[in-house]
Amino acid sequence: YEPPVVPGISSALCPSIAKVPITHRKVANQVLIISAHNYGGAYPELPPYCAQRTIVMLMGVARLERIVEMLLELDYPSSMDVVIIEKASHIDERQVYGTLTTISSIAKKNEIQSPATIVFGHSINCLKDE
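Per our numbering, the sequence shown starts with residue 590, numbered consecutively.
Since the hints were made in silico from the structure, they are not lab data. The beta carbon of each residue, even a glycine, is placed where N, CA and C say it ideally should be. Be aware that one or more of the hints could be misleading.
[What the hints assert, rightly or not] Calculated cross-link-like contacts (lysine-lysine; reagent style DSSO-like; alpha-carbon spacing at most 30 Å):
{"#": "1", "residue 1": "608", "residue 2": "676"}
{"#": "2", "residue 1": "698", "residue 2": "676"}
{"#": "3", "residue 1": "717", "residue 2": "615"}
{"#": "4", "residue 1": "697", "residue 2": "608"}
{"#": "5", "residue 1": "717", "residue 2": "676"}
{"#": "6", "residue 1": "698", "residue 2": "717"}
{"#": "7", "residue 1": "698", "residue 2": "608"}
{"#": "8", "residue 1": "676", "residue 2": "697"}
{"#": "9", "residue 1": "717", "residue 2": "697"}
{"#": "10", "residue 1": "608", "residue 2": "717"}
[Stated by the list, open to error] Now the in silico label distances, taken between C-beta atoms and shown as ranges:
{"#": "11", "residue 1": "593", "residue 2": "615", "range": "31 to 37 Å"}
{"#": "12", "residue 1": "628", "residue 2": "590", "range": "34 to 40 Å"}
{"#": "13", "residue 1": "634", "residue 2": "666", "range": "18 to 24 Å"}
{"#": "14", "residue 1": "590", "residue 2": "702", "range": "17 to 23 Å"}
{"#": "15", "residue 1": "591", "residue 2": "668", "range": "37 to 43 Å"}
Start from the sequences and build out the full structure, keeping to the hints where you can.
Here it is as structure tokens:
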């Protein structure tokens, strides 16, 4: 299987490809796309918690533990849903689900590696049972 390459399509759109909702009526009406690596290797400036916001994080797998710590320090709920989408749209795509408190250990256990996109937010599981 050779997936098509479409120049200009951002990995930030991979939640849609993987059927992971980033917005959902009455749950999330905002999406923030953020890189885990700023200029000079700095960590991103994360926004304060907003229940209606989904964060789509690029290039964050290697920094996942610290990113989770930073979100918890900003009073993000420890029960917030998280999914990591590894190799989106590839034949060997994988998705691992957890919460802020469990996702780091789940990622380690499953040996998640880049390329991967991390999605934090309450909309993630809205369609899971449909």
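message: What's the verdict on residue 717 and residue 615, does the C-alpha distance respect the 30 Å limit or exceed it?
response: Answer holds: residue 717 to residue 615 is near 16 Å, not above 30 Å.
task: Verify the proposed pairing of residue 698 with residue 608, using a straight-line Cα cut of 30 Å.
output: holds (23 Å)
- request: Could you tell me whether the CB distance from residue 593 to residue 615 stays inside 31 to 37 Å?
  value: holds (35 Å)
message: Can you confirm whether the C-alpha distance between residue 698 and residue 676 stays at or below 30 Å?
response: Holds, at roughly 17 Å.
query: Does residue 676 lie within 30 Å of residue 608 when you go C-alpha to C-alpha?
result: holds (14 Å)
message: Just to be careful, I want the Cα atoms of residue 608 and residue 717 compared with a cutoff of 30 Å; is the pair within it?
response: holds (9 Å)
task: Sort out whether residue 608 lies within 30 Å of residue 697, counting only the CA atoms.
output: Satisfied, since the Cα-Cα distance of roughly 23 Å is no more than 30 Å.
message: Need the status of pair residue 698, residue 717: alpha-carbon distance at most 30 Å?
response: Holds - the C-alpha atoms of residue 717 and residue 698 are around 22 Å apart, at most 30 Å.
message: Is 17 to 23 Å respected by the C-beta to C-beta distance linking residue 590 and residue 702?
response: Because 20 Å falls inside the window, the suggested range holds.
message: Given the hint of 37 to 43 Å, is the C-beta distance from residue 591 to residue 668 inside that range or not?
response: Holds, since residue 591 and residue 668 (Cβ atoms, about 40 Å apart) stay within the stated range.
- prompt: For the pair supplied as a hint, residue 717 and residue 676, is the alpha-carbon distance within the 30 Å limit?
  reply: Roughly 20 Å separates the two Cα atoms, so the pair holds.
- prompt: Taking only the CA atoms, is the gap from residue 717 to residue 697 under or equal to 30 Å?
  reply: Given pair residue 717, residue 697 holds - Cα atoms ~23 Å apart, limit 30 Å.
Consistency note: the structure conflicts with none of the earlier hints.
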